[in-house]
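Visitor: As you go down the protein sequences, you meet chains A and B in turn. For the first sequence, position 162 matches number 162 in this note's numbering, and the numbering has no gaps at all. Each position in the second sequence, counted from 1, maps to that position plus 293 in this note's numbering.
It is worth saying that the hints were derived from the structure and are not from the lab. Glycine residues also receive a C-beta, built at the ideal position from the N, C-alpha and C atoms. Some hints here could point you the wrong way.
Covered stretches of chain B (in silico footprint by chain A; criterion: 3 or more residues with CB under 8 Å from a CB of chain A, positions within the stretch not fixed) [to be verified]:
| no. | region |
| --- | --- |
| 1 | 331 to 344 |
| 2 | 472 to 480 |
| 3 | 488 to 499 |
| 4 | 523 to 537 |
| 5 | 551 to 560 |
Pairwise CB distance ranges (calculated) [claimed, not checked]:
| no. | chain 1 | residue 1 | chain 2 | residue 2 | range |
| --- | --- | --- | --- | --- | --- |
| 6 | B | R670 | A | T132 | 22 to 32 Å |
| 7 | B | R670 | A | L133 | 26 to 36 Å |
| 8 | B | K378 | A | F165 | 49 to 59 Å |
| 9 | B | R670 | A | L55 | 28 to 38 Å |
One letter stands for each residue in the lines below.
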Amino acid sequence: MLAQQIVNAISLGGVYALFALGFTLIFGVLNVLNLAHGALFMLGAYAALAAVVFLQLPLLAAVLVAMLVTGIAGWILDKVIFAPLRTRRAPHLAPMIATIGVAITMTSLVEGSFGAENLRFPPEVLPTEILTLGPVQITQLELKIIFLAFALMGVLLWGLKKSRFGRALRALAESPKAAALMGVDVEGFFRVTSIIAALLGGASGVLIALNTNAVFPHMGQPMLHKGIAVVILGGMGDIRGALLGGFFLAFAEVFSVAYIGSTMRDAVAFGSLFVVLLLRPQGLFGHAAQRRA
Amino acid sequence: MRLVEIFIAAIIGLVYMTGLAAAQIKIGAAEALTGNAAQYGTPIRKGLELALRDINGSGGINGQKIELLVEDEQGKKEEAITVFKKLIFQDKVLMLFGPTLSNSAQASDPVAQSVKVVVFGTSNTADGITSIGNYVFRNSVTEADILPVTLRVAAHKTGLKKVAVLYGNDDIFTKSGYDNFKKALQDLKIPVTTTETFAKGDVDFKPQLTKIKASNPDAIVLSALVAEGAPILVQARQAGITLPFIGGNGMNSPRVFELAKDSSDNLWVGSPWSVENPAAENKQFIAAYRKAYAAVPDQFAAQAYDAMHIVAQALKKTKLSGKLEADRISLRDALPATQWTGATGPFKFRQVRGRAGKPAGYDAVQTAIVMMTKDNRYVIQK
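Okay, chain A solo, but in the shape it has when bound (with noise of 0.2 Å):
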């Protein structure tokens, strides 16, 4: 059982890592808690869904679709909502709200054109063959999953590491006013951020309704509790952070369902967030909160 619960928090953990890291992204180089990121996971799920039913296409080109679908949805909110606040120099909880009415907006658009019901992808495209590694047990499709959600967190990483665009967005997260002053278009980079915290947002939000079989209006609400979670617990708009957060909030939920009851999971998965925030209250790779000149 302990190699099969093992895999189930590694697949798992790869779908939270892959959320959070949006959501972190987004506050980190913003400065705004988007609380729409939950709306975003469940549009992505839908956008993956309508291109395999209506389109027909197939799994890989649906993941595609929906993170172009996300993205597009990240620019707009931007366009929309971010820049025009920043522009004006709303205060900080301005954009935040207006997230809120964002999701709701996008949940009920979703729920009027899909209905309220769960849905499900068609069974015929998803590939059922089990594969047995020893004790455990594993679908093709699950390892497809784990594959990509690893993929994309490795190319962001790699991104944000070495390539120019990555400096210069580690430059902006650090101070918005330096990095103008160094020749970074500032504005151009809060659009491009939102739009790839956006995609990964969605993406997340497909393999997990991939994984599960369950697309539904309101599933981003319970994932966006999460990475909250996991974002403030990896230190908020720390990449690393949220990396290690999601793993560790996947791992906590199944090993408290294995050994000590599912009825505890998420008192044990919280519980043991709230120790780590008491010894740590920036968070696990959070710097110390200092003002910014």
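Model the placement of chain B on the given structure of chain A, informed by the hints.
Guide: Then chain B, alone, in the frame of chain A:
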């Protein structure tokens, strides 16, 4: 010329409106039409409206037509109370159907009881709803009556010796299903290898299923609604668990075959209604529903459809005086003796006792049909 036209139109309008006011019986329905529970509230609405079309189409109630006022209670307690108050005090309905979830019924039914208005649940199966008072009726059969039958038949046919239990612990419906299963398992002396839970909105059940698999049961007892139950079936089959599942009322829906297509075999459920039940009344209901909505009905639609017919039967035997308070009481007095054979088979009411032991509301008396799924359909087990 124009003046004459307006005058005639006004006369016609006036006659029509007073005619409507005089010849209509207003009935309210508070159902979840948006939000998570809309997947249950929507078929309920369709079932009620389908029956209404039958009743009004064949002359109504002693010459009067029934008007159905449907309000959205969003599957939330607070909203159910608000909507109940609106229908009772503002729209002045004769009686109410709803609400969709047992959770909401616990909160809103006392409102109707306190002002002596019949509230008729078509989907509330949790314990204790009808103990609220003698104006509370339901035709949804409680799980306390059905689950022991399902378990007994499944145990007999599969020869199971021990089971694992999985249920949703943050919902009054699935929790009360669990309590009933637990009691039935004790009565039948079937040991439980492990008891696992999940929460509403969960999507990943693999940790629980892995643990259940390791505990080596002969079957899995599942108290869940389709939204979580179907993914549980799929994920179990993906994890190589081929054991029988024994489900509650929530798993009796053809939607299982959409959401768990090709992974749905070997699920045992009991219910007063089955899409496969060949009784004439049921076939007629299914055909009419398919024609009206181009969809297969589920148990929620079937029970709502029957509920409207049961009320119509009672209304036919009630002399309506036109005085709202008196008529509400007359309808209450006529309901308990009403019998009806509809989509869910022969039906009558049985009075239950309240918390203090006093006679309270009315539950359904119906025989359960036990079914097992095979090749994406239910097969009735005799």
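Visitor: Each hint needs a verdict: does it hold in this structure or not?
Guide: Status of the hints after comparison with the structure:
no., hint, verdict
1, 331 to 344, "holds (count 3)"
2, 472 to 480, "violated (count 0)"
3, 488 to 499, "holds (count 10)"
4, 523 to 537, "holds (count 7)"
5, 551 to 560, "holds (count 6)"
6, B:R670 <-> A:T132: 22 to 32 Å, "holds, 30 Å"
7, B:R670 <-> A:L133: 26 to 36 Å, "holds, 35 Å"
8, B:K378 <-> A:F165: 49 to 59 Å, "holds, 58 Å"
9, B:R670 <-> A:L55: 28 to 38 Å, "holds, 30 Å"
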